[in-house]
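Enquirer: Spelled out, the chains give:
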Amino acid sequence: MTAMAGPAATGIDGARFDPSRTEGRGLADTLRSFKVAVLLGWKLEANWTDPFLFFIYSVAKPLSSALILVVMLEVIGGPAGKAFRPFVIVGSALWAFVLNGVAGLAWSVLEDRERYRVLKYVYVSPADFLTVLVGRGVARIGVGLAGVVITLMVGVIALGVPFDIGRVDWPMLVAVSALGLASIIGLGLLMAGVCIQTRQESWSYPEAFAGALFLVTGAVFPLVVLPAPVQIVGLLTPLTWWIAGTRQALFPGGPGSVGGPGSAFASTFGHPDPSAGEIVLALLVTGTVVTLAAVAVFRLSDRRAKRTGLYDRTTGS
Amino acid sequence: MAATMDLVGRAGAGPREAAAWSRRQVLMTNLRSIRGRAYPRVIGLVREPSWVLFEILLPFLGTSAFVFVYRALDAPPQYVGFVVLGGALTAFWLNVIWMMANQLYWEKSQGNLELYFAAPMHFMAILFGMAVGGMVMSSTRAATVLLIAGTVYGVAFSVDQWALLLGVFVLTLGALYGLGMVLASLFLVWGREAWHMGQMLTEPVYFVSGLNFPVARLGFVGALSVAVIPLATGLDAMRQLAFSDAAFPIGTPPPVVEVAILGAMTVISILGARWMLATMERRARRDGRLSVRWQ
Chain A
89 MTAMAGPAAT GIDGARFDPS RTEGRGLADT LRSFKVAVLL GWKLEANWTD
139 PFLFFIYSVA KPLSSALILV VMLEVIGGPA GKAFRPFVIV GSALWAFVLN
189 GVAGLAWSVL EDRERYRVLK YVYVSPADFL TVLVGRGVAR IGVGLAGVVI
239 TLMVGVIALG VPFDIGRVDW PMLVAVSALG LASIIGLGLL MAGVCIQTRQ
289 ESWSYPEAFA GALFLVTGAV FPLVVLPAPV QIVGLLTPLT WWIAGTRQAL
339 FPGGPGSVGG PGSAFASTFG HPDPSAGEIV LALLVTGTVV TLAAVAVFRL
389 SDRRAKRTGL YDRTTGS
Chain B
5 MAATMDLVGR AGAGPREAAA WSRRQVLMTN LRSIRGRAYP RVIGLVREPS
55 WVLFEILLPF LGTSAFVFVY RALDAPPQYV GFVVLGGALT AFWLNVIWMM
105 ANQLYWEKSQ GNLELYFAAP MHFMAILFGM AVGGMVMSST RAATVLLIAG
155 TVYGVAFSVD QWALLLGVFV LTLGALYGLG MVLASLFLVW GREAWHMGQM
205 LTEPVYFVSG LNFPVARLGF VGALSVAVIP LATGLDAMRQ LAFSDAAFPI
255 GTPPPVVEVA ILGAMTVISI LGARWMLATM ERRARRDGRL SVRWQ
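In order, the protein sequence lines correspond to chains A and B.
Counting from 1 along the first sequence, just add 88 to a position and that's the residue number in this note's numbering.
Counting from 1 along the second sequence, just add 4 to a position and that's the residue number in this note's numbering.
One or more of the hints may lead you astray.
[Said to hold, decoys possible] Residues of chain B clear of chain A, computed beta-carbon distances all greater than 12 Å: (1) A42; (2) L168; (3) F224.
[Claimed, not checked] On the chain A side, residues computed to face chain B include the following (Cβ under 7 Å): (4) I156; (5) V163; (6) G299; (7) P310; (8) V313.
[Claimed, not checked] Chain B is nowhere near these chain A residues, computed Cβ spacing over 12 Å in every case: (9) E133; (10) S213; (11) V226; (12) A246; (13) G248; (14) A263; (15) P360; (16) A393.
Honestly, the hints are just simulated from the structure, not real lab data.
Here a beta-carbon is modelled for each residue, glycine too, at the ideal position from N, C-alpha and C.
Bound-form chain A, shown alone (with noise of 0.2 Å):
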C-alpha cells in the first residue's frame, strides 16, 4: 500500500471516519444532489448568453405558437372566435412546459452522453442518477415558465383574454399545478429511460411523444372533435386533467376541452362536463399511475444500461 492509498493522502481521518458516510445522508444528500442539479441545469441551459436573449428566446416559441392559434380564431370565427381565446392560449402556454420537461429530461441524458460525453462521470458520482435528472428537468421546467408567464400575459394584455384575478380558483390552481408539474417530470423520466436505451437518432423521439400527447390532451382543440377511442386515450393521460383543471382554475366558466354533449367522457360518467373535485381526482390518480410507470421503466432502463455498459457508449450524434 503507497502512502498516496493512506487516510492522510485521502483526507479521511482513520481514526474518526464514520463508515455510515459511504451510506450517505439520506434525505440531506438527496436534497443537496437536487439542488445542485437544478442549478447546473439552468447554468447550462441560461449562461450562454445574457438574461434578456436568453428571455426572447425562451418566449418566442410558445408565444408564436398562441399567436398562430389565435389567428386561425380570427380567420375562422371571426369576433365569435374570441371566446375560444381563452382556450387556445392557455392550451398553447401549458405545453410550454410539457416541451421542456418531456424533452428536457431526455435530452440531458442525450446532451451528457453523447455531446459533452460526461454521462459515465455523472452515474458514477455519489449523487442518485434519477435525482439528478429530476433536477435538471426541474431547471428545464423553470426554463419553460417564462414562455407560460409572457404567453398568458401577451394574451390578456394585447389580445383582450378576460381575465379576472378575483375569480381565480387559487386552491385549485396550486392543486392542478402540483399535480400536473408533478407528472411532466414523470413523462420526461419515461422518455430519458428511452433515450437511455436508443441510439444517436432519439434526439427528435421526445418531441413526436410530445407531439402525439398534443393531439390527445385537448390542448388547443376539444377532444370530442376526436374519434371516441382517441378522446379514451386522452382521458387516460394526465396532461389532458392537468391543462382543463388549469382552464377551469384560471377562467371559470369558460370552454372545456374534455367533456361537451356527445364526448367519451359524457358517455361514460352520465354528465355533459366534469366538476372541479372530478378534474382533481382524475389527475391525481393518472398522474400517480403514470409516475410511477415512469420510474419503474427508468429503474429497468438504468439497469439494463449498466449491464450493457450502454451509459459508456456514444454513437457519434
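Given chain A, work out where chain B should sit, using these hints.
Expert: Showing chain B alone in chain A's frame:
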C-alpha cells in the same frame, strides 16, 4: 515521382505540378464532393428507419393538431387543405433549419468541420451536397405527409395550372435551400446559440409565414414575409394554385409575381451564401472558432 502519382492520382513532375489542378479536375472533385455529402442523407432514407418514422411522424402530428382545430371551428374544407399543404412544407423548413443551418455547428461538435476545411474542395460543394441530399430526403417526407394527411383528412385539391405549380415548388426548394446555405455559413461562428436560433426560426417563422392560414391575414407583416421568407412566398403561391376554387383574402401577389420573387430569392441567397461563407470562415479562423467545441 511515382509515389506522388500514386498519392494524388495525377501526373506531375513533383508536388507543385501535382497540386496545379486543371479546371476539369477542380470541377470533378467538387461534383464528387456534392455527391459524397448528399449520399448519407439519401442513403439514410433506408438505413435509418427512425429518421423516416420521426420525420414523417412529427410534421404529421403537428399538422393533425391544426386540422382538428379547424374542424372544431367548422372551417371550410379548403382550410384543412391549407394546413395539410403547410404541414408538408414544414418537412423542408425543419430540414433547412436543423440539417442545413445547424449542420456545421453539429459538425464542429463532432470534430468533422476541420476535415471539411482541410479537404481539397470548395466548401460550397459541401453546402450544395447538404442541400441536394436534404431536398431528396425531405421531398419523400413531404410527399408522404401530403399523401397520408390528404387521404386521412379528405383534402380535395383543385389545380388549374400544373406547370406553374411545379415551377413554384422547384423554385421554393431553391430559395429555401439557398437560405439554408446562408444560415449554415452564419452558424459557422456560433456555439450553443445555434440551437436556440434554430428554435427561434421554427414557430415564429411558421407564424409570420402563415403556415396554417392565408398569410394575407397578417397585413403588412404578411406582405413583408412574402418578400423575404421563401416559406411564406412558396406556400402562398402553392395555396393559390392548389386551391384555385377557394376564396382568398386580398393582399398577396398573384402566383406569377411570387415565382419572380422566389427566383430572385434563389439567386440572391446562393450568391449571398458564397459571400457569407468566405466572410464567416475568415472571421472564424481569426477568432479561432472553427475547432472550438461545446461553447
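Enquirer: For A393/A, which was marked as not at the interface, is the minimum beta-carbon distance to chain B over 12 Å?
Expert: Holds: least Cβ distance 18 Å, greater than 12 Å.
Enquirer: Could you let me know if the closest chain A CB is still more than 12 Å away from the CB of L168/B?
Expert: The claim holds: L168/B sits with its nearest Cβ about 25 Å from chain A, beyond 12 Å.
Enquirer: Would you assess whether A42/B, listed as outside the interface, keeps its beta-carbon beyond 12 Å of every beta-carbon in chain A?
Expert: Fine: 19 Å to the nearest Cβ keeps A42/B off the interface.
Enquirer: If we take the beta carbon of G248/A, is the closest beta carbon in chain B still more than 12 Å away?
Expert: The assertion about G248/A holds, with a minimum of 17 Å to chain B.
Enquirer: May I ask you to test the interface hint for G299/A with respect to chain B, counting a Cβ-Cβ separation under 7 Å as satisfied?
Expert: holds, 4 Å
Enquirer: Min Cβ distance, P310/A to chain B: is it shorter than 7 Å?
Expert: holds, 6 Å
Enquirer: Are all beta-carbon distances from E133/A to chain B longer than 12 Å?
Expert: violated, 9 Å
Enquirer: Please confirm whether S213/A is truly not at the interface, meaning its C-beta sits more than 12 Å away from all C-beta atoms of chain B.
Expert: holds, 20 Å
Enquirer: Hint I156/A vs chain B: min CB-CB distance below 7 Å?
Expert: Cβ of I156/A sits 5 Å from chain B, so the hint holds.
Enquirer: Report holds or violated for the interface hint on V313/A, using the least CB-CB distance to chain B and a cut-off of 7 Å.
Expert: V313/A check passes; min Cβ-Cβ to chain B is 5 Å, inside 7 Å.
Enquirer: Over 12 Å from every CB of chain B: does P360/A meet that, or does the non-interface label fail?
Expert: holds, 16 Å
Enquirer: Quick check for students: does the CB of A246/A sit more than 12 Å from each CB in chain B?
Expert: holds, 14 Å
Consistency note: the structure conflicts with earlier hint 9 alone.
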